[in-house]
Each structure stands twice: as structure tokens, then as C-alpha cells.
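Turn these sequences into a full structure, and let the hints guide you.
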Amino acid sequence: MANENLSVWTSIPFWRRSAAWVTGFASILLIWLTFDTLGQISMGTDADLKAGTTKRVPAPTVINYKIGYEMSAKRGHEVPTIGEKQPFFGKEWSEKEAADLLHLGKLTSQAKNCMDCHTLLGNGAYYAPDLTKAWLDPAWQKGGAMQGMTGKSTTEEAMAEFLQHPSTYPTHARMMPNLGITADEAKGLVAFLKHMSSIDTNGFPRNFSKTVDQFKAGGSNAH
Amino acid sequence: MLTSIKTNSFAGNKGKELGMMYFRVAVILFGAQLLMGLIAAIQFLVPGFLFELFDFSVARMVHINALVVWMLYAMIGSVYFMLTDETEHEGVAIGVGKLAFWVLTAAVTVVVLVFIFVQVGSGTEASIWFINEGREYLEAPRWADIGIVVVVLTFYFNVFATYIKGKKTGIMTVMVANLMALAGLYLAGMFFTDNISMDQFWWWWVIHLWVEATWEVFVGTLAAYALIKIIGAKREVVEMWLWIEVLMLFGSGILGMGHHYFWIGTPEYWWEIGALFSALEPVPLIAMFVHVLYDWGKEQGIAKAQGQVGTVANNTPALSWIVTNAFGNFLGAGIWGFFHTLPQVNIYTHGSQFTAAHGHLAFFGAYATILIGMFYLGLQYAYGIKVLKSTFKSKMAIFLITFGVVGMTVALTIAGYEQVLVERAELGAGWNAFFVAQNLPWYVQAQMWRAIMGVVTFVGFVYLVWDLLTIGQEAKEA
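Protein chains in written order, with numbering that gives the first Met the number 0: chain A, 0 to 222; chain B, 0 to 477.
Treat each hint with caution, since some may be false.
Claimed, not checked - On the chain A side, residues computed to face chain B include the following (Cβ under 8 Å):
(1) T36
(2) Q39
(3) S41
(4) V56
(5) T107
(6) C116
(7) A124
(8) P204
Said to hold, decoys possible - Listed next, with one range per pair, are the computed distances between beta-carbon atoms:
(9) L37/A with T123/B: 24 to 30 Å
(10) N177/A with K166/B: 56 to 62 Å
(11) L37/A with W448/B: 41 to 47 Å
(12) L37/A with Q444/B: 43 to 49 Å
(13) H164/A with L44/B: 21 to 27 Å
(14) F191/B with H164/A: 23 to 29 Å
(15) E96/A with K167/B: 57 to 63 Å
(16) K97/B with H164/A: 46 to 52 Å
Unchecked claim - Which stretches of chain B does chain A cover? Using the computed rule of at least three CB atoms under 8 Å from a CB of chain A, they are:
(17) 36-46
(18) 130-143
(19) 236-250
(20) 339-350
Since the hints were made in silico from the structure, they are not lab data. All of these numbers come straight from a predicted model, not from anything done at the bench. Backbone N, C-alpha and C fix where the C-beta goes; we use that ideal spot for every residue, glycine too.
Shown next, in the form of C-alpha cells:
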């Protein structure tokens, strides 16, 4: 190394230059891909929903539609589907109302620190169930254990009721604590969950529709 | 370590003194991290423990934030510590640096007290600003974010100005450039959006580009400095390695970000990019491992040939921790990361105890180890000791902490297998599937072992603190 002309492999300037080039190239590629991705994950509009244009992250008004999660033969994994109109808390929400509700829900999800027990899109803590597709979970549908326990007749009302009084509905020894969630915040959170279930997550969680199918066939996945 | 506050022989080096101030707070926060981890581990086994008083979410939030903050403290401390050695300059505005230290420490105290006593807020912007931002690892409220940015800018100015005025070694060049990226990335985590995919996209810019890129380069830089300092490794060799490591770490780590973009709403092309580059991420960790052991062996051999008896290291506890770093980084970040980095596997393992297993060994192996090594370097200097030898307590500390963390990792890996196979593969990842898996006897047994190994780690930590408090004085008297 005293003699740098001996070999390029022991030359500090060579490695310094290489490090700079590789880092620069990787950074530029990341930034370029980031621009592409940001375009693809920015929220769609109400017009997209009306026109049936598929967006990876749909508009907040997706809460006015029935959401599914079905196997796509073309993509080889499950994808969210947006079906016919469906009342949410008994009404159809305007663009502004839906956006405000989602805003409240997202803020509440952070203020109540959901992510330090649950995972959202698979990220967070591992103490409580993943919430990515919680809206679609059979437990919360008609005939499901959670909806039955709250005595409510829709998924959204059952979820909102549970969120306001979680420790009143102990399902397992491990319970959700009471976080002082108000009725409005609970509605917001349910909107946030319903919206999240419509995001195209490339098939995560895998097999989720198996749970749903078993439930529909009248079986329970409780062993 | 405490006595070094007053009776040190810093020979007037203000930078090193400031470094020690950061180290002391880091050790306290490290203890807080472990205590919170113990509470959370117990809650997995006894769900009623502190229920609606100090819930899992609170314990977990403080657990991971204390972790991040103690590491940042130890990192800032390490930079102040090495500043004069590398630049051969006293440091430009250490007085301002000290002020920044007190501001930061006061802010951290307030944030932790709010986390512990206020815990959660209502669904308003004010909660995000003053209580808790609710984004894993970045829970610090926005006011604190801004405070952190100001303090870090002060720190960076100090380092940068000293670098410009002083000698520009390769180590310091990497340090200054890397720190700029490290500090700048924090800004990517400081905004609110209703779009959860967008939220997590930028969130990973901070988390991933910290722990899998800039923090790793930071560790490479510290190891380079420490090897010169402890075993007298040749600067030319060490700096050449450092540039190779930078090349490989950034070459794999920057685009390795793709492995966090598999399932958060981002497009499919991240599967290929994430798989390819993150699969390469262990390569530099092997290189770092080889580098540390090779240099150690080489210098030891040279010393032996010159007739020196015993170890070539002038600080055996620090060297032990740095060698543990070489192993731990490769195993925890490299192997345990690679286990579940391919999308074909990750679609099942994403967000399971597998992730927790990797997280524990990686943070410990890659970062905690080398930063503890830096504490010992600090002590050696503070007490003006020529050769610092491991004591019984040093050995107990490194053995118990390492054994404990590896034990937790193995336990969590087993829990992860159970969870992934039953909850994800067999039952289809629903609400009920989650609880079925959580109640499996083997899963519960694994969580039990995790708690036991957590206690072992904590006992090791007690030895570590005891050693840090006494080793300097004892060595001086001997």
C-alpha cells in the first residue's frame, strides 16, 4: 500500500472513487423509483371510484362501497375488490365528509398509538392482530363472534362499539385496553380500517380469503 | 464512570469530556430500555399485568424509543470522543455542544415523562405535536422532532467545522459525509398524511436508511477508529477496508429498502429490487467481520514476533465488545435478516415474531456491542489508563448480555416459526388465527424462554454498570 501503483486492488483512491460512484448510482436509482412509486400510491379520487379505475390506494369515499379480497388468477395472489355501494354507518358519505372522517381516523390511530400493539400493513408491534384487512375479518361480519358479542347488526357499528369499550368485550385473556376513544373517533378509526382494507398490498396477508371461505361455508377456524 | 465526572484526567480535552457526558445518559437509557422490555415480555405471559395502567403499547413504545435514543446518544458521544484524535484539532464550539447536550437531555426527559404518564391523546393534531406521534420508532412528538433537528444541527456544525479546520483523515471524511445523510434523513419522518401507504413509504426512509445504511457505515467508521486506537492497526489498511465497506453497505443497503416495500401498497417491482439488494446486505457484514478478526490476528502476530507477551490490545473489554460486534452484526443483521428478506418467505413472516427475533439480535449485534465498546474506550481515557484489562465483572457483563440476547433471539425465532406456520400458512392470518397461534403451548413456552433470557440480559446489564462504575478506579489503583 505504500506503493499505490502496485495494484489497483490495494489503492485507497480507487476504493474511494468506487464507493462514491456506487453510492451515487444507488441513490439516484432510489430517487427515480421513489418518484414512480409516489405516483402509484397517491390516493385516487372519487371520480376514479365512479369510473371503476383501479388505484393502489383508493379515495376516502371507498368507504361507501363493498370491499372484498379475492384471488386473482392473473396476479397469482389475492387483491382487493371494490363492489357495489354499501351504506357506512347508515349513509353515503360525500367526498368532503369521507376525507374528514379518514383524517380523524388516521390522526386517532396515531394519537392512540395503535401501532405499538397492532401491525398496520404488517408494520408495528406483534402483540395484537394485524389490522391490514381487519375490516374484512369474518369475526366482525354478520354471524361472526366479535359482531355477535357487541350486539350490533353491521360491521362498522360492531367495530365502533368495541373500540369505545374494548375491555367490556373480553375475547381472550389478552385484551385491548380502554384508550378513551370517543364515538366520533371510533367512527373515524373504522373508516381508516375500511380504507386500509381496500389498499392493494400485493397479496399480503396471504391466504386471508381462506379464513373468509371457511367462515362462509359455516365452519369456524377455531381449533 | 460516575467519578470520572469530577476526577478525570481529560488533559483539557473538552470534546472527550462532552463525549463522556453523552455516554452516561446513554447507559441510563439503555437500562430503561431493558426494564421496559421486561415489562412487555411479562405482559405476553401474564396479559393482566399492569393492564390499563401501563399497557403493552406504552412499555413497547418506551422500550424502542429508549433504544433509539440511547444509541443516538452513544453515537454522538463517540463522535465527540474521536473528534480530536482524528482531526488533531480541539473542536470548534464544544461549549455550544454542551449547551445542546443539556437541551437535548431535558427534551428527552420531558418526552419520556409524557409517554409514561400521559400515554395517549385525542384524535387531534395537538396530540401529534405534544404527546405522541404514534409511528413506531418515531413516536417522539413533533415539538421534540424539531428540537432534535436543532440539536443535531449544532452537533453537526461542530463536527463539520472541526473537520474543515483540522486534519482530514479517511475515517473522518466518511464520518462527516455519513452524518450529513443520517441527520438529513430524519426530516423524512416529520410530516402527517392521511394516506397510510405514503406514511409508511417515508417512514422507512428514516428507519431503513438509518439502520441498514447510515448506521452501518457509522459502525464501520467506529470500528476503523477503534482498531487503530486499541490494537494499533495500520491506518492505510483500515481506511481501505472502510471505503470497501462503504461501497458494499451503500451499494446493497440503499436499494435494499425495497424489502420494506413489498406489502405496503407499493408496486410489485420492489419485490425484485428488494430481494436482490437486500440479499446482498449480509456481504459487507461478512467483510467487516473478516476485517476485524484479520487485523486483530495480524497485529497480535506482529507483536508476538517482536517478543511481546500477552495481548496486543490496550483495552481488552473494548476489544471484546468490538469482536462481539463483528459476530453479532453478521449474525443478527445479516443471517437473521436474510432468513425472511425474500418476498416468497416474507409474505408469510412479515410482521410476526420472526421480525422481533431479527430486531433483537440485529440492534444488539450491530449497534449495542460496538457502542458499549466505546464506553470502555471513554473510561480508559477518562482515567488516563495505559492498558485497561477486563475484570471479572466485564467478563460477566459481556457473557450474560450476549447469552441473554442470543437466547431471546432463539426463543423468538421459535415463536415466529409457530406463528408463521399456524397463523399465516394454516389458518389464513385472520383475527382468530392470530389468537389461536398466540395460545399454542410451544409458542407460549417460547415466550417464557424469551422472558427468562430477558432477565439474564438484565443481570448482565447490572454487571456492566457495576463494571463501568468501578473499572477505572480499580485499574488506576492497581
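* To do: Of all the hints given earlier, name the ones this structure violates by number, lowest first.
  => none
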